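Just so you know, the sequences run in chain order A and B. Note that this note's numbering has the first sequence beginning at 1, numbered continuously upward. Note that this note's numbering has the second sequence beginning at 1, numbered continuously upward.
Simulated from the structure, these hints should not be mistaken for laboratory data. Computed from a predicted model, the values in this text were never measured in an experiment. One should not assume that every hint holds.
Copies of the same chain look alike in the list, so a pair counts if it works inside one copy or between any two.
Taking lysine-lysine pairs in the BS3-like style, the calculated list, with each CA pair at most 25 Å apart, reads [said to hold, decoys possible]: (1) K67 to K161; (2) K67 to K49; (3) K196 to K67; (4) K32 to K67; (5) K170 to K67; (6) K49 to K196; (7) K49 to K161; (8) K32 to K161.
Residue-level listing of the chains:
2 protein chains.
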Amino acid sequence: MSDTKDPVEFWFDFSSPYSYIASERIDELVAKHGRKVKWRPIMLGAAFKASGLPFLVNVPLKGEYSKRDFDRSARYLGVPYTFPPRFPVTTLAAARGYYWLHGQDCNKAREFAHAVFRAYWVNGRDIGELPVVLEIAGTLGIDGDAYIAAIATPEIKERLKRETDAAIAKGMFGAPYFMVDGEPFWGADRLPQIEKWLATGGF
Amino acid sequence: MSDTKDPVEFWFDFSSPYSYIASERIDELVAKHGRKVKWRPIMLGAAFKASGLPFLVNVPLKGEYSKRDFDRSARYLGVPYTFPPRFPVTTLAAARGYYWLHGQDCNKAREFAHAVFRAYWVNGRDIGELPVVLEIAGTLGIDGDAYIAAIATPEIKERLKRETDAAIAKGMFGAPYFMVDGEPFWGADRLPQIEKWLATGGF
């Protein structure tokens, strides 16, 4: 039965704390219902531009609250988390590399995505810097020169833009953003609703 | 033991859908842990001004999503809900009346608050109109003339302003906003975290 259903779509930015938190739980949650997840890194800055929203942590009052909530939400779900020394960072190099890897081996791409998220959100590595991304890729046996060449191609650059535009066309204005059988969900805090949606076929 | 602990603070605006949803669940949740809730209506417009945030439903993409999420979140928690014909409305008359009633009988004030929320979020009554508020008050045996006189006094007007300012001073930027033993929580979707916080004394 599960083969006939579309995967759950998961749009994220490597620089988004709630995206990281969700990334540590979504596969297992969805697998319990015999379904798969399609991971799609996007450029959240483009989505903020489309919605006209300000950058969360810069909003008076809400920004201070949000940093406390990132941390508490991670603890609530038992996800290791440390606010990184540099935030936010531009995640172009990592997101482009994801699509290159995905074209070759989707399991390797998933492994790479987890490694990038954890390097930033657990170990505080600056994933906005290409050498750091190459080092992460290297630990997974990915060749650095091939990586550099791949993310410079028009095809890969265009792919990331296209995926971001497609997500915005599906209503994405923040991350993580999910689509489950046509129903959109925004935020790591919607995981329980996603679970109920999968369990009941919609409520 | 519970007598020695401060009540959970619950700030809300009668015009806020997530406030309404939380109002239907917070007392029971908190009572399970032997604690009480202090209900505090505030003027959310003043908080938006303090944070510089736009009005949620007018934000491109996010606004459309949010209407769907109000409805789904209510269904998820089993709370009756219908998006009202007029939204938002100014809830000055209801909020001021709450503080007047609270000065006399805090149980009656709670009963009134539930009635106002349900008149708007279940039955679509325009609680921004004074005659509607008086009708709701009347069903609870509250005298209309006394109500009108009370909400026109400087003391009651000042009280609502003071409560709103006090909430903003505690970091409130949206509603519902809760304070549990010094820890702030924002949103009906944080009820599970509040529950865990009460159960464990913080996590």
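With identical chains treated as interchangeable, where does the CA-CA distance between K170 and K67 reach 25 Å or less: within a copy, between copies, both, or neither? Answer is between; shortest inter-copy Cα gap is 16 Å, intra-copy 28 Å.
Reference check for the pair K67 and K49, CA-CA at most 25 Å: within, between, both, or neither? both (22 Å within a copy, 21 Å between copies)
Checking an output row: K49 and K161, CA cutoff 25 Å. Within, between, both or neither? within (14 Å within a copy, 35 Å between copies)
How would you label the pair K32, K67 (within, between, both, or neither) given a Cα cut-off of 25 Å? Intra 31 Å, inter 29 Å, cutoff 25 Å: neither.
Intra- versus inter-subunit Cα pairing at 25 Å for K67 with K161: Close neither inside one copy (29 Å) nor across copies (28 Å); limit 25 Å.
Tell me, please, which holds for K196 and K67 at an alpha-carbon limit of 25 Å: within, between, both or neither? Answer is between: at 19 Å across copies they meet the 25 Å cutoff, but 28 Å inside does not.
Within, between, both or neither, where K49 and K196 count as close if Cα-Cα is 25 Å or less: Neither: 32 Å inside a copy, 36 Å across copies.
Can you give me the call for K32 and K161, within, between, both or neither, at a CA distance of at most 25 Å? neither (32 Å within a copy, 50 Å between copies)
Checked against the numbered hints given earlier, the structure breaks hints 1, 4, 6, 8 and satisfies all the rest.
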